[in-house]
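Engineer: Taking the hints into account, I'd like the entire structure generated from these sequences.
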Amino acid sequence: MEILVCARRVPDTSENEIEMNSAGNDIARDDLVYSVNEPDNYAVEEALRIVERSGGNVTVVTVGGDDDEEILRREMAMGAKHGVLLSDQSFSGADGRGIATILAAFVTKGHYDLILTGVQAEDGAAQVGGMLAALLDYPFASLVDSIETLEGKLKIGREIEGGNREIYEIDLPCVLSIQTGINEPRYVGMRGIRQVASVPIPTFGAADLGVNGNVTGAAVKVKRLDYFVPPLGKGAEMLKGDTAEIVGQLIELLKAKGGLK
Amino acid sequence: MVEAISSPSQATFWFIHGRVLFWMVNVLGSACFAYIVARRLTPLLRGQRDIRFDRPLVRLGRLLQFWLAQWRQPRYLTAGIIHILLFAGFIILAIHTVSLVAQGASNHPAAPGGLYGAIADYAATVVFLCAVIAAIRRGIFKPSRYAVPAKYGKSHTAEALLVLAFIAILMVSDGLFEASGAMWQGQHGGTPEVLGPLTLGWVLKGALASVPAAQLRSLHLGAYLIHDLTFFVFLCFLPLGKHFHVVTSLFTLYFAKLDRGAIKPVRWDVPDEQLDQVKSFGVKTFSDFTWKHMLDFYSCADCGRCSDQCPANAVGRPLSPRFFTIKARDYSFQHSPMWGSAHNGQPLIGGIYSEDEIWSCTTCGACEAECPLLIEYIDKIVDLRRGMVDDGKVPQSLQKPLKALESRGNPFGKMEKKRADWVKAKDFAQDCKVSILDGGHGADTLYFVDSITSFDDRMQSIGRATARILHSTGENFGILGTVEKDSGHDVRRFGEETLFMALREHNTEAIKASGVQRIVTSDPHAYNALQHDYKDMPPVEHISQVIARKVRAGDIQLNPLPESNAYGNGDGNAVGNDVYTYHDPCYLGRHNGIYDAPRDVLDAIPGLKRVEMQRSRDRSFCCGGGGLALFYEPKEDQRMGVKRVQMAAEAGANVIVTACPFCLVNMEDAIKVAGMEGKMTAIDLTELVEKQMR
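Those protein sequence lines, which keep their order, are chains W and S.
Quick note: the first sequence uses my numbering, first residue 141, plus one each step.
Quick note: the second sequence uses my numbering, first residue -3, plus one each step.
Warning: the hint list may mix true and false statements.
Stated by the list, open to error - List of simulated lysine-lysine pairs, DSBU-like, C-alpha gap at most 30 Å:
no., chain 1, residue 1, chain 2, residue 2
1, S, Lys639, S, Lys668
2, S, Lys138, S, Lys508
3, W, Lys374, S, Lys414
4, S, Lys546, S, Lys429
5, S, Lys429, S, Lys396
6, S, Lys422, S, Lys410
7, S, Lys675, W, Lys221
8, W, Lys374, S, Lys410
9, S, Lys396, S, Lys668
10, S, Lys687, S, Lys323
11, W, Lys374, S, Lys668
12, S, Lys138, S, Lys150
13, S, Lys508, S, Lys410
14, W, Lys395, S, Lys410
15, S, Lys639, W, Lys380
16, S, Lys410, S, Lys668
17, S, Lys389, W, Lys295
18, S, Lys631, S, Lys605
19, S, Lys389, S, Lys420
20, S, Lys420, S, Lys508
21, S, Lys687, S, Lys675
22, W, Lys380, S, Lys668
23, W, Lys221, S, Lys631
24, W, Lys380, S, Lys675
25, S, Lys531, S, Lys280
26, S, Lys429, W, Lys221
27, S, Lys389, W, Lys221
28, S, Lys253, S, Lys280
29, W, Lys397, S, Lys668
30, W, Lys374, S, Lys420
31, S, Lys422, W, Lys374
I should point out that these hints are in silico values taken from the structure, not numbers from a laboratory.
Keep in mind the model is a prediction, meaning the values are calculated, not measured.
Structural biologist: If you want it as structure tokens, here you go:
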């Protein structure tokens, strides 16, 4: 099976202190460290596992600039056969539909049986996967947390709010957005990254993909107006009393908030 | 003319002439033994290289200490004494036994007699008694450390008893051979060989007093035959089980690891700069072990002391050093069989070892400090981890800190620019200025802070106490500040060698650029890394050594403890009569032998009452582990720290003093988990000294 995983480079939320820049229109990016968007990493791991079971190749693609090569190399060190960068000055500022358009253009240039995205980018809006499927006229399932391969089809599982699960059958080719927790992604060490450091990464621009002019500028229909850190709410509530009382109160609270049935 | 009893070589056994019979037995027995040993050695030839032929004099010294003098045996007194007596007996009897065995196939009999003969007789008697006592211990009293948990297979008692039976049969048949010979000579008017009173031969001779001559002759020859056959059966049995150590211990001890605290390189035959060309890192299959590590597996005597001391085993983690070795030995025996070709190649992880088992080790070194045969564990665990890291098999709990170490230089994912923020604390910065050595400030001393002391709110107090101590003694010192990165000590021990090398390279450059003449650290993990993992560093000291030296020189005066109140009570109420105990951090004590400096400092505080926990010094019980071990989520019944604070309470202490930020984290957590808040406190040595200096 030829699998394409769409990945994205994002500021690592566990290793950054996100603060506003002085203009107040974006986060301060000077000291940020980046990593591959976590759900995308789970998607790559799942793709690798499918390929380990039933053969094929994994290609990882991202839309961005030279800096974004870093995550492609990391995913290649993980086991992806190819990394592809879709980069063009005209791509900057593209909204979700723009990104989906660029990706769709790339998909039609190749032959992929399955396209995976992370459920959402940590700094994104969880829209690219669905839009990509629509643009390609492929079936789509979101929040997928298990995949089983059948002949020309997949059996996939999804978790429903509240902990219930449902199982679907979906025709190939299709687009799936992958939920974290579907697997335990393997570790990628510095040594692995070094070993793929000199593998060339093909780059495709707007002209190569035939998406000239239709993803930025007037094509951007969704624009961010503001970005801010909300003021801190009330602090933690401390339960008082002896152990038995505290446990009692905690159970009541958990029941009230739906954590216990 | 005195008629001599017929010697075995002259007698006839079932129509076969004795000399021919024993010649055949001896040749066949020796050939069989040589074949078995050769088969056992084949895996070693396929093992990885290991450099063990250096420093012959040091190695010889170790051989004398740990082999001939059985140095570590008395640490377990009963078993130790029995073993020393058995060992000494075997050494003494070696000449006697070889000449006795040779006698059957030779025309020139006569085992060495005289004084040696007399000593050998007593040695045989002691060996026999020890075998009986050991059998009673194994068979009836059954010390718990010999038990085999169901998941590790069947009890090993039968094998132990069989070997003790071999030994007893050898001693009795030897005694019977001598006694019957002496008796015969006495009866036939010769001068009987004098048998020392109370020796096995002497007792047996007494028992044979009324046996007629013909039967004495049969007994004499029969005893010899049994001795000879048992000797070769025993000899060939040795390499088939744990008693191979009788042969291999000599080599295991000679080739033992000499550099405590250090970690073996990824490959002994590949320099660091060429490691990128190595296809596979670490141990994945059995033949990835070095030959010495394979020899270790063969040499394990299954005495159970390692697992008895192992904190991971004690808290129910899925790791027992004893079975770590036994499983590898059995694997080797099965995959390099006596007949047929050897097969190898199955992965060890998922085969004989589980991932959790290999991550469960805190590298505290308790097993290595106990093993009478100096078997190595940490290097093997690290090699297996290197293999797992190479294959991407790293638990999620460790992936985050490793990634953060790569991008931020600390496992917490904190910003590099905040690394030196601890010096800015208000009440500290006023009277203790710490210079940042980011390009030649002419400081003599570098205080290497390392990650946890730099970033953890609670542990920063150790950093400030250390800086104040250095400051107050007029030390011209500074820190690397934002340029410092994690020492990588536990990155290396968790198998991420490439990341470790990157951290080491960065710090080495920064330290060299600072131009300091010496390094002080308050973190034993950093101390161990700078001491053993880094190269060409200026001299490194742990802060406890600095304090001890300055106390001795009178540069640090320590005030008496207040009569009441102290650190033993969190709520500030007067406690009075606090009792202190010192917890040895693994990387200060066991791995670097620094036991006395911190104790000397404590004892220099007037009015401080100090007790020792039962497990202290090189038997200290790990707090739960430092570095990446803080992030790992083990499967366990109990926390190591909880067990440790309970040990402190049992010793009658209510203040635990330690000298390692990771120990302090684990102790303070454990006090809360154990519900001992208000009854037990933990404090770092530097914090205590700083308070008493004012």
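Engineer: Decide, hint by hint, whether the structure agrees.
Structural biologist: We went through each hint and held it up to the structure:
At roughly 12 Å between alpha-carbon atoms, Lys639/S and Lys668/S fall within 30 Å of each other, so this suggested pair holds. Distance restraint check for Lys138/S and Lys508/S: the Cα-Cα separation of roughly 57 Å exceeds the 30 Å cut-off, and the hinted pair is therefore not satisfied. Annotation: proposed proximity of Lys374/W to Lys414/S holds, straight-line Cα distance about 27 Å (limit 30 Å). With a C-alpha separation of about 21 Å, the suggested pairing of Lys546/S with Lys429/S holds against the 30 Å cut-off.
Proximity of Lys429/S to Lys396/S is assessed by CA-CA distance (about 34 Å); at most 30 Å being required, the pair is judged violated. For the hint linking Lys422/S to Lys410/S, the alpha-carbon distance of about 21 Å falls within 30 Å, and the restraint holds. About 59 Å separates the Cα atoms of Lys675/S and Lys221/W, which puts this hinted pair outside 30 Å; it is violated. Of the supplied pair hints, the one linking Lys374/W and Lys410/S holds, its CA atoms being roughly 25 Å apart against a limit of 30 Å.
A C-alpha spacing of about 26 Å is found between Lys396/S and Lys668/S, which places the hinted pair at or below 30 Å, so the restraint holds. For the proposed pair Lys687/S and Lys323/S, the alpha carbon gap of about 51 Å is over 30 Å, so the pair is violated. Using a Cα cut-off of 30 Å, the hinted pair Lys374/W and Lys668/S holds, with the two alpha carbons roughly 26 Å apart. Taking the CA atoms of Lys138/S and Lys150/S, the gap is about 15 Å. The hint holds against a cut of 30 Å.
Annotation: proposed proximity of Lys508/S to Lys410/S holds, straight-line Cα distance about 25 Å (limit 30 Å). Note on Lys395/W and Lys410/S: the hinted pairing is violated, with a Cα-Cα distance of about 36 Å set against a maximum of 30 Å. Restraint check for Lys639/S and Lys380/W: satisfied, since their Cα atoms lie roughly 29 Å apart, inside the 30 Å limit. Pair hint Lys410/S plus Lys668/S holds up; C-alpha atoms about 26 Å apart against a cutoff of 30 Å.
Only pairs whose Cα atoms come within 30 Å are accepted, and Lys389/S paired with Lys295/W is accepted, the gap being roughly 27 Å. Restraint check for Lys631/S and Lys605/S: not satisfied, since their Cα atoms lie roughly 37 Å apart, outside the 30 Å limit. In summary, the hint linking Lys389/S to Lys420/S is not supported, as the alpha carbons are separated by about 40 Å, beyond the 30 Å threshold. Annotation: proposed proximity of Lys420/S to Lys508/S holds, straight-line Cα distance about 25 Å (limit 30 Å).
Taking the CA atoms of Lys687/S and Lys675/S, the gap is near 21 Å; set against the 30 Å cutoff, the hint holds. Between the alpha carbons of Lys380/W and Lys668/S the distance comes to roughly 17 Å, so the proposed pair stays at or under 30 Å and holds. At roughly 35 Å between alpha-carbon atoms, Lys221/W and Lys631/S are farther apart than 30 Å, so this suggested pair is violated. Between Lys380/W and Lys675/S the CA atoms are separated by roughly 22 Å; this keeps the pair inside 30 Å, and the hint holds.
A threshold of 30 Å between alpha carbons decides the hint, and for Lys531/S with Lys280/S the separation of about 28 Å falls inside it, so the pair holds. A distance of roughly 54 Å separates the Cα atoms of Lys429/S and Lys221/W; the hinted pair therefore is violated under the 30 Å criterion. Straight-line distance between C-alpha atoms of Lys389/S and Lys221/W comes to about 19 Å, which keeps the hinted pair within the 30 Å bound. Straight-line distance between C-alpha atoms of Lys253/S and Lys280/S comes to about 22 Å, which keeps the hinted pair within the 30 Å bound.
Between the alpha carbons of Lys397/W and Lys668/S the distance comes to roughly 28 Å, so the proposed pair stays at or under 30 Å and holds. A threshold of 30 Å between alpha carbons decides the hint, and for Lys374/W with Lys420/S the separation of about 29 Å falls inside it, so the pair holds. Of the pairs offered as hints, the one joining Lys422/S and Lys374/W holds, with about 28 Å between alpha carbons and a cut-off of 30 Å not exceeded.
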